[in-house]
Amino acid sequence: MFVPFHHSHWISSQLHTHPSTKDQTSSSPPIVCSAAMTQRIRPLLLVLFFLDMVSNSVVVCTSRHQYWRPSDGPDGASICLSWRLAVEANNVRAWRTVPTQCLRHVESYMIGGQYDRDINFIIDHVISYLDGVDLSNDGLDAWILDVDDTCISNLIYYKGKRFGCDPYDPDGFKTWALRGGCPAIPGVLRLFNKLISDGFKVFLVTGRDESTFGQATLDNLQNQGFIGYQRLILRSAAYKGQSAVVYKSEIREQLEEEGYRIWGNVGDQWSDLQGNCTGNRTFKLPNPLYFVP
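Going letter by letter, the sequence shown gives residues 1 to 293 in our numbering.
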């Protein structure tokens, strides 16, 4: 924390009260500034102090644990790229909104083509992994896919929420989700179809409330081409209030107790991939729009 008054007072006090250690052993008398000289120097010190502050980037606190400096790019690209990387690496956690400085950066990423390229790059690696899996004949080789922003996209909704810069609006999202208009994410639909054709039992596991969104989600997935999966699992009343990590861990544990072998798990949130029984491999899809603990 900067405290200008105390800082300038410390400097001026050094000037007229504290000779160096070497001077203390000398016979020469210490140099003492007069009160008039101190009065003339103090304004200069204050000016220099504030110039020093201005010459450095001003620190802006955007949340309890996040600090920002103005970037050298016109749209904050430099610091926002760092922020997005930290989010995807799970180094920045429990963030509530996208920093307003990063609105244009996130918008450009999501609709400018890079997001789609990243998705397809990851899916290509998932498929490469799949090609090395030897399935058994017992029908118990399983794969887990998250739903929101993994199978189907909420990007249209988040465009109206300034790409995550606006706070979460549960009523607004409920209205959107009940319409059942979420489009499929093409790369994930490509993966889904390969999983089905290869013989995996695919489980779609979502944190959506079962009683509220069950039928709308079922219809939305079917209309977008997600057909032939083993089971759609939504959050029942028994898991209300639990974190996504706890809830999804318990679902996976139940599947393993049923004898299923989870070869892979794909989600856009780290909470989709953490906890117990996560599977032989996990694959994280990008999502800089929101955070689910």
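None of these hints come from the bench; they were simulated from the model. Please note: incorrect hints may appear among the correct ones.
[What the hints assert, rightly or not] Label pairs and their computed distance ranges (CB to CB):
| # | residue 1 | residue 2 | range |
| --- | --- | --- | --- |
| 1 | 215 | 240 | 15 to 21 Å |
| 2 | 218 | 194 | 29 to 35 Å |
| 3 | 172 | 214 | 30 to 36 Å |
| 4 | 104 | 280 | 22 to 28 Å |
[Claimed, not checked] Simulated pairs of lysine-lysine, DSSO-like, Cα-Cα distance not exceeding 30 Å:
| # | residue 1 | residue 2 |
| --- | --- | --- |
| 5 | 159 | 174 |
| 6 | 159 | 240 |
| 7 | 161 | 284 |
| 8 | 240 | 194 |
| 9 | 159 | 284 |
| 10 | 159 | 201 |
| 11 | 284 | 174 |
| 12 | 174 | 161 |
| 13 | 201 | 284 |
| 14 | 161 | 240 |
| 15 | 194 | 284 |
| 16 | 240 | 174 |
We treat Cβ as the ideally placed atom computed from N, Cα and C, and that holds for glycine.
Do the alpha carbons of residue 284 and residue 174 lie within 30 Å of each other, as the hint requires?
At roughly 25 Å apart (the allowed maximum being 30 Å), residue 174 and residue 284 satisfy the hint.
For the pair we were handed, residue 159 and residue 174, check the Cα-Cα distance against 30 Å.
16 Å, holds
Regarding residue 215 and residue 240, is the given constraint of 15 to 21 Å on their beta-carbon distance met?
This hint holds: roughly 19 Å between Cβ atoms.
Take the C-beta atom of residue 104 and the C-beta atom of residue 280, compute their distance, and say whether it sits inside 22 to 28 Å.
This hint is violated: roughly 39 Å between Cβ atoms.
Residue 159 and residue 240: Cα distance at most 30 Å?
Holds, at roughly 28 Å.
Cβ separation of residue 218 and residue 194, checked against the hinted range 29 to 35 Å:
22 Å, violated
At the C-beta level, are residue 172 and residue 214 separated by a distance inside 30 to 36 Å?
20 Å, violated
Within a Cα-Cα threshold of 30 Å, do residue 201 and residue 284 meet the stated pairing?
Roughly 20 Å between the alpha carbons, so the hint for residue 201 and residue 284 holds.
Taking only the CA atoms, is the gap from residue 174 to residue 161 under or equal to 30 Å?
Judged against 30 Å, a Cα distance of about 14 Å means the pair holds.
Does residue 240 lie within 30 Å of residue 161 when you go C-alpha to C-alpha?
26 Å, holds
Does residue 174 lie within 30 Å of residue 240 when you go C-alpha to C-alpha?
16 Å, holds
Checking one constraint from the list: CA of residue 159 to CA of residue 284, max 30 Å. Satisfied?
22 Å, holds
Checked against the numbered hints given earlier, this structure breaks hints 2, 3, 4, 8, 10; the rest are met.
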